Amino acid sequence: MLKIKKLIRAAFDPYLLLVLILMLYKIYLMSQDLSLDLKRDVYLINAGLILVILAPAYCFSHRTRKIYLYLCDLFFSFLLVADLLYCRYFGTWVSVYTFFESSNLSGLGPSILTLCDRHDGIYIIDLFILPLIFRFTSFPAPQRRRLFLRDLMAGAILISYLFYQNYDNGKILRRYSANDTLATLGPLGFHVADAAYFIKDRNIKLTDNDKAAILNWYAQKNSTADTSKQTVAEGKNLIVIQVESLQNFVIGKKVNNQEITPNLNKLVKDSLYFTHFYPQTVDGNSSDAELLINTSLYPIDKGSTFFTYPLNEYISLPLLLKKKGYQAVAIHADEAGYWNRNIVYPNLGFDQYFSIEKMTATEELGMGLSDEAMFRQSLSILESLPQPFYSFIITLSSHYPFMMPDGYNLLGLAGDLANSHVGNYLQSVHYADKAIGQFVEDLKDAGLLQNTVIAIYGDHDGMFERDKPEIERVFANKPISEEEWTRVYVPVPLLIYNSGLKAKTADVYGGQVDFLPTISYLMGVNSDDYRFAMGNNLLTTKDGYAIIPSGDYITRAAHVSPDKVENDLSGTDLHTLHIANLIIRTNFFSLYDLESNIKPTKSR
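Numbering (this note's numbering), first residue to last: 1 to 604.
None of these hints come from the bench; they were simulated from the model.
Predicted model only: the values in this text are computed from it and were never measured.
Misleading hints may appear alongside valid ones.
[Said to hold, decoys possible] Listed below are the simulated EDC-like cross-link pairs for lysine to aspartate or glutamate, each with C-alpha atoms no more than 20 Å apart in a straight line:
(1) Lys253 to Asp507
(2) Lys66 to Asp126
(3) Lys236 to Asp270
(4) Lys542 to Asp573
(5) Lys211 to Glu313
(6) Lys266 to Asp442
(7) Lys236 to Asp442
[What the hints assert, rightly or not] Beta-carbon label-pair distances, calculated as ranges:
(8) Arg473 to His578: 33 to 43 Å
(9) Lys542 to His119: 52 to 62 Å
(10) Leu17 to Ile157: 11 to 21 Å
(11) Gln220 to Cys59: 56 to 66 Å
(12) Ile157 to Leu115: 29 to 39 Å
(13) Gln450 to His119: 53 to 63 Å
(14) Gly252 to Arg40: 48 to 58 Å
(15) Thr137 to Arg466: 41 to 51 Å
The beta carbon of each residue, even a glycine, is placed where N, CA and C say it ideally should be.
Given these sequences and hints, build the entire structure.
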């Protein structure tokens with residue numbers, strides 16, 4: 001027996017073996033928590049990766065080896081817990097891009113806590129036990145580089161063979177969806193592949209072929225585009241309000257005989273109202289909506305465009321309106337650096353950005369100022385601006401997890417609905433509606449409303465398919481089919497209000513990418529100035545459609561039109577998203593300006 005122990009100690013470091021087992025066990029626990037059906041090969045791939053990560057421990061002294069192994073376990077535990085919480089909310093996995101957005105965790109404490117389960121401590125309990133094991137046990141292993149090389153080679157062979165088995169023709173970097181990649185490679189394998197994608201994507205250069213592909217796409221799109229323009233709103237102020245988590249299905253609905261959005265319901269009667277207007281955000285969430293609305297570009301397919309490419313140049317709505325003499329300002333009662341807005345907004349063409357640092361903290365709610373306080377201070381800002389102006393305002397109070405403090409739950413909800421997730425969502429939307437209604441009245445009292453166009457839309461979904469059972473009970477009183485969910489419960493509203501506009505409820509299908517050409521048409525912008533918009537003018541399009549990319553809020557991509565809902569994007573749709581990716585990743589618009597074609601001073 002003593003000889004066997006010596007042989008084992010000569011072949012393995014017990015501490016390394018312990019950490020290896022702990023890591024694999026945590027992968028198993030996460031697969032159970034998230035109902036993942038991970039195959040044997042997935043565990044072998046992850047075992048190989050763990051071996052490669054832990055193997056350098058053999059090159060250290062006894063004490064340093066323990067520190068290295070503990071740090072490996074600490075990092076791995078952090079990564080798994082981050083994946084676990086992120087997946088519980090978004091249904092996908094943390095990527096390299098997500099870590100670049102870690103500054104967005106500021107103020108998200110309540111949101112994160114709601115995702116935690118009382119059993120989650122099992123993922124980190126070893127972080128407290130391992131130091132005790134290291135302190136009170138001693139299994140000295142010789143510093144043997146051959147053991148380092150053995151484990152490194154064994155891990156590399158395992159990884160290479162199984163990668164080869166799972167990827168066609170050895171295309172190791174073949175792009176899968178996040179969920180497919182995880183099912184094939186497991187948590188560690190996913191992060192290695194994701195890092196490879198990140199490095200690959202960051203090094204894209206604009207080639208002549210890419211430039212030709214982009215220009216050909218626009219040439220085909222613009223060959224059938226309507227080139228007319230309206231002048232009904234030309235010269236008027238423009239206020240665009242992005243409402244946090246506002247979905248269209250609450251508009252016009254009642255709960256316990258109370259209107260959920262009484263003020264928006266009133267505005268709808270005097271507005272251009274689009275009921276089939278779809279969110280098209282990906283991993284950038286609210287910031288992706290801001291990009292779509294202000295540039296008519298689809299966001300990049302992984303990560304936040306604002307974080308990954310903050311210095312990009314665009315042909316944007318602020319720049320289009322500034323060409324017509326407008327001043328452009330953005331207002332949002334959150335930290336300036338959230339989603340990198342303080343860096344991106346000047347590149348979008350905003351002259352000023354009024355963040356929470358430039359406001360008075362009169363009434364805080366959730367992640368920042370309350371919507372009511374933000375709108376009151378917004379009015380003072382707008383009154384000080386020369387006209388005409390473009391003001392882009394973002395609300396915040398109806399942010400997940402929709403927990404409103406006492407005194408802000410203004411709907412009378414009874415029974416189980418009163419303390420449910422859907423009930424909390426309805427309360428937060430009702431509060432946002434109240435704040436918007438008061439803002440519109442204040443604009444009227446200040447003499448600004450008559451000469452102002454107001455556009456209101458939702459940034460992304462607040463209710464997901466996992467909330468369907470409760471939505472069925474509260475609103476539908478019947479099972480909701482997959483197609484009905486996509487047509488009725490996924491859209492966000494778009495209202496465009498001005499006293500000079502003829503009210504109409506439009507049946508045309510579209511998405512956030514279509515906003516810029518639609519509002520530019522109304523504001524009297526020449527169509528040639530927004531020839532690089534990827535969207536369509538919803539006021540001249542007959543039936544329309546929406547491409548819904550998969551991302552944090554929408555886990556399945558879809559193409560929606562009046563005729564059908566397709567969950568598999570066509571080759572044309574995928575090519576469109578590819579063109580958008582090329583445009584952003586190569587900073588294509590840095591070559592162009594609003595006055596002419598290519599900028600002669602720049603080359604790429």
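Ascending list of hint numbers which this structure does not respect: Checked against the structure, no hint fails, so every one of them is satisfied.
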